[in-house]
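Given chain A, work out where chain B should sit, using these hints.
Residue numbers (my numbering), protein chains in the order written: chain A, 1 to 265; chain B, 266 to 530.
The set of hints was computed from the structure by calculation and includes no laboratory data. You may find that some hints are simply not true.
As the list claims (entries may be wrong) - Have a look at the derived ranges for each label pair, beta carbon to beta carbon:
(1) V213/A <-> V506/B: 38 to 44 Å
(2) S318/B <-> A28/A: 41 to 47 Å
(3) L476/B <-> G64/A: 36 to 42 Å
(4) A8/A <-> V452/B: 48 to 54 Å
(5) A404/B <-> D183/A: 21 to 27 Å
(6) L187/A <-> S318/B: 23 to 29 Å
(7) G328/B <-> V34/A: 37 to 43 Å
(8) A8/A <-> L314/B: 51 to 57 Å
Heads up, the beta-carbon is just placed ideally off N, CA and C, and yes, glycines get one too.
One-letter residues, chain by chain:
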Amino acid sequence: MSVTYRVAAALGEFRGAGAVVARNGRAARHGYAVVLSGIFEPVFYLLSIGVGIGAVVGGVTYGGSRVSYAEFVAPALLAASAMNGAVADSTFNVFWKLKYARVYDGMLATPLRPRAVAAGEIAWALLRGAGYATAFLLVLLVAGYVRSWWAVLAVPAATLIGLAFAGAGMAATTFMRSWQDFDLVNLVVFPLLLLSTTFYPLSTYPAAFGVLVQLTPLYHGVELERALVLGTADASLIVHVLYLLALGAAGLLLAGRRLERLLLS
Amino acid sequence: MSTPTVELGDPARSLAAFEYWLRAYRRTWRSSAVTAFVMPVLFLGAFGLGLGSLVDAEGQGIGGVPYLEFVAPGILAASAMQSAFSESTWPILSSKKMNGHYFAQAGSPLTVPDIVSGQLLFILFRLSLGAVAFTVVGALFGAFASPWVALAVPIAVLTGLAHVTPLLAFSITRDSDAAFPMLIRFVMVPLYLFAGTFFPVSQLPAVVEFLAWLTPLWHGTQLCRDIATGDAPVLAPLGHVAYLVAWVVGGYVLAVRSYRKVLHA
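The following block holds chain A by itself, in its conformation from the complex (with noise of 0.2 Å):
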């Protein structure tokens, strides 16, 4: 009775969560322009790196095979632009709800709790960048750059590293005092695309240095993403997929504690 009644009322907590979806929705109808326009910046990516330094670098062996320049990054450019995503749309477009726009005060003086309002806005974010996947995996489809079946479950695969990083992202909004703090978020993310065997491959590192690439998020992404596009999937994928899922669960938990903080006080 009373576990059931617990299980009831944690639940209770994310109803109107769609209500928050569909806000948003609604909201991003002013802005479709900046929306759609985000699909072209990983194809200005693939394109500047497929065409050109495609053309210097020549292949990569990868998974025991050799693979053209273009078809090693576009994965991994698929895992970057998921993380990109996710964190701007948790970090720069949450902090402006919560300090500026006051979104959740309004929100909050309906029946919606802050839990609801953290589930709905992260389902929101993914939404959009499950669209951008599906938008990106076309033009790698059209390219002839995915080599396996296993590329339909890029999508979900992209949108578990929207979700391990919008967590991740909206916890840490909830410690920032001003914009200044956002230098921060840059000062994370961008190493995190310039090393997470985006660019070249894991042996390229120095041992130690592998190592501790082989810690980080992104690295589980792409390794994810690239596994499934290049058709080299295996058991160890359970791993990147774990790994994530755990980080998406750690933020979220603290993000709700600490929103409900910030909100309710």
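Coordinates of chain B only, in the frame set by chain A:
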């Protein structure tokens, strides 16, 4: 329409406006100083050493130049361009809309050319800090073959300014930041990726290569690279510099005109 004239600010009054921005900067310089040194380390490590090891393994670098030495001067110029975008978009809008600094200045003995020149001096100062930091870090990495690289610093700053003045003319006319993300996505990122920073533009399709030649960034990048690798031809540099100066001056004339419209409306 009046014929375009270059109305420079009065030196003493422009310096007073510059001093104002400098005093405001005392509150935030720490985080930007950290970024100024950390970012080049990351960039040179990731692209110069990491990607460079792939490029150099395939052949003899690019045209006989090791990739690190090829890419470092390119990133020097491109970073100045990037700073130009971040310093001449949102901060300009917030001085106009959020805190009204410009209107306060316009109510003082400062004339419009003084205000524009003062703003320009401050951005010039910011770009110089970035270029010097990058060059020092790059030298520690052994990224520059020639000590003449010191001359590449003013060239990089000039490249940045070629973007600053037209951006000032545009940003001051805005009433919201809606256009800025699009500007970043469709102007800054493509410039960054396709104007010769990471690979020679001769690898691009002929039409795109021609477009790249029109960009000030390509001229800045070429010049920085020629200087840093130590084999500058004699006549071409004058052409590059003249082209960059034309952008700075043209943009300045437009900026004074735009500022006047907004501040004396």
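Of the hints stated earlier, which fail here?
Of the numbered hints, all hold.
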